[in-house]
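**Q** If you read the sequences in order, they're chains C and R.
Using this note's numbering, you'd call the opening residue of the first sequence number 1 and step up by one each time.
Using this note's numbering, you'd call the opening residue of the second sequence number 1 and step up by one each time.
Treat the hints with care, as some may be off.
[To be verified] Simulated crosslink set (SDA-like; lysine to any residue; CA at most 20 Å straight-line): (1) C:K32 / R:K58; (2) R:K108 / R:D65; (3) R:K58 / R:S121; (4) C:K32 / R:V134; (5) R:K40 / C:D101; (6) C:K32 / R:K108; (7) R:K108 / R:D129; (8) R:K58 / R:S172; (9) C:K32 / R:S92; (10) R:K108 / R:V128; (11) R:K40 / C:D100.
[Claimed, not checked] From chain R, some residues computed to sit far from chain C (all C-beta separations above 12 Å): (12) V56; (13) L57; (14) A76; (15) D138.
Just so you know, the hints here were simulated from the structure itself, not pulled from any lab data.
C-beta atoms are modelled at their ideal positions from N, C-alpha and C, and glycine is treated no differently.
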Amino acid sequence: MRRRGIAAALVAAGLAGSVWAAGDATAQVAFKDRRDPPSYRPLTPDEQQSRDFGLTIFDTTWVAAGIPRAARRDGVGPLYAAASCDACHNDGARAPGPADDGRQPAGLLVQLRRAGSDDTGDVRYGHILGTQAIDAWRPEASVTLHYRLRNGRYADGTGWQLREPQYTVTGTRYGPLADDTVIAPRLAPAIFGDGLLEAVPIETLQALEQQERGTVSGHIAWRTHDGRRVPGRFGWQADAVSVADQTTRAFAREMGLTSSAQPHDDCTAAQTDCRTAPSGGSPEVPDDFITSVLMFEQTLAVPNSSADNKTDGDPRGAALFERSGCAACHPPSLPVRGIDGLTQIHPYTDLLVHDMGPALADRRVDGRPAPRAWRTAPLWGLGYALHAANRQLGLLHDGRARSVAEAVLWHGGDAAASRAAFMALSATDRRRLSDWVGTR
Amino acid sequence: MTNRSRRRPLTPLILARIAALILGLATIGAHAAAACGNFKWNVEHELTLFAGAPHVLKAATRAADAPELRPGTLYALQLAPQEQVQFPHAPSKRMLTDGAYGGLVHFKVPTAGRYRIAIDSPFWIDVVDGGKAVSSIDFGGDPSCNAPRKIVIYALPAGDDLTLQLSAGTTSTLRITITPDPTQP
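Okay, chain C solo, but in the shape it has when bound:
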């Protein structure tokens, strides 16, 4: 009876049918100029104008309050992690991640969260460790990482090596971090297609939550936002409920720029100098700027894996993806609502949070592990990131995985069976599966 009910819910939610069936219109297009990522839909002249201005704001490097003649772009910091959106999401793409041991690279932020809370930062340092500061200010701290290597073998005897990051925070200028603060390194993800993920109906998420998928048990990350209970969809742990929420949070916490939605930046009560620093206005990012940035972000298409998009990868890779159980959490298709000409997208995520096992868990300052629920990362656009970007790329929330295979090997919890299935594959099939994922 229950299964029949779920099947009906899936049909209603638009999830039934072959996961491999081609969709109708596509949200994935060729990116001819990476500096000007295209929209997935035609825009009116007014929309285009707003979007162009949004891209301008997205790319703008903000400066300290009081810089002469810089009225529209001043107010960054005084303590911050990045001075522009583009510094971390270069041309909308994901940050490349750390190449090796050393200081925390651009695009890898350290979030701070009080253990057991949804959205409470460290009592002294707030939600983001400000590793940069305006002139004459000292950053909140420095972060270095060191990789410890882990070795293992596939079932066929082939060796593998993973790198496990260890973070060291030094030079904390407002005193020590609290023992129960979770150190949460987060790589800036690509923002392509975020407006489409926003259009996935809640009923779909509820149906996926109810769907029987073997040992997989995903949950909606319910958040309270403006007094309403809504699903978290964005961020590595689905902390943000919308593109607007994610964007204004990033302006406030990562860049120190206030907006109507986030009238306070990340200065805490303990940081009196930060709280009394000169402001770039009230708010520092005006509403029309936010509107335009959202127009840019919410209309962003998803890049094809190759410029011509003539191939969809080896179908044997697709079959292995499904047979290994990857599609249980990374379903190829989701319905969207309210978008002209588009009823289905292919993000390879269920937008739910899953237990991913202890190996990926963040750590508290006192060394204890933090909760380990992660939103299923969308795989679309991965081919573009891996190949078109033509640079080194780290996968997973902190960029620790240097390849698709390494990312799979870090999976645990809900995905332990899929990891085991991947481990048992032949070298040829592992490559087929990895290559196929790398062309999404």
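Please build the complex by placing chain R on the supplied structure of chain C, with the hints as guidance.
**A** Chain R in isolation, oriented as in the chain C frame:
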């Protein structure tokens, strides 16, 4: 006079001075590496150049007036308010430029290949060849470092008169070097 006769005996005092010099150089090197250790490439050549005294030049506001930079040399460019600069090619990154500085210079490279343009503060860089912007191959930076802070890599043709556009910066001076990429194949 032979070399042997010119050599002074290594007294304990001289040995101590040599040791102190070596130790000092090693310390300076270690500090430079520690302060600028976040680049994804070896940037020792740039660090050495940026540690020297720069040639001071005024960047132009029109391409026809742009001074020429020589590869392998550190320059300190004096820039103009960006609204005064007539860029031959619109800066390829659109940004708000309130309060920004910019300028134009020319350069040529003797042999075709990959070159690094290194700067000490956050400006946007475009290399224009025959009216078209040259796509960069790679870029990297270290926000905690200003000697240099940002490096952009281009594949450049030999002998072409290239225009270097600098835009969206917040400082009226900029130190810059152009050097062959030591990692090129």
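**Q** May I ask which of the numbered hints given earlier this structure violates, with the numbers listed in increasing order?
**A** Those not satisfied are hints 1, 6, 15.
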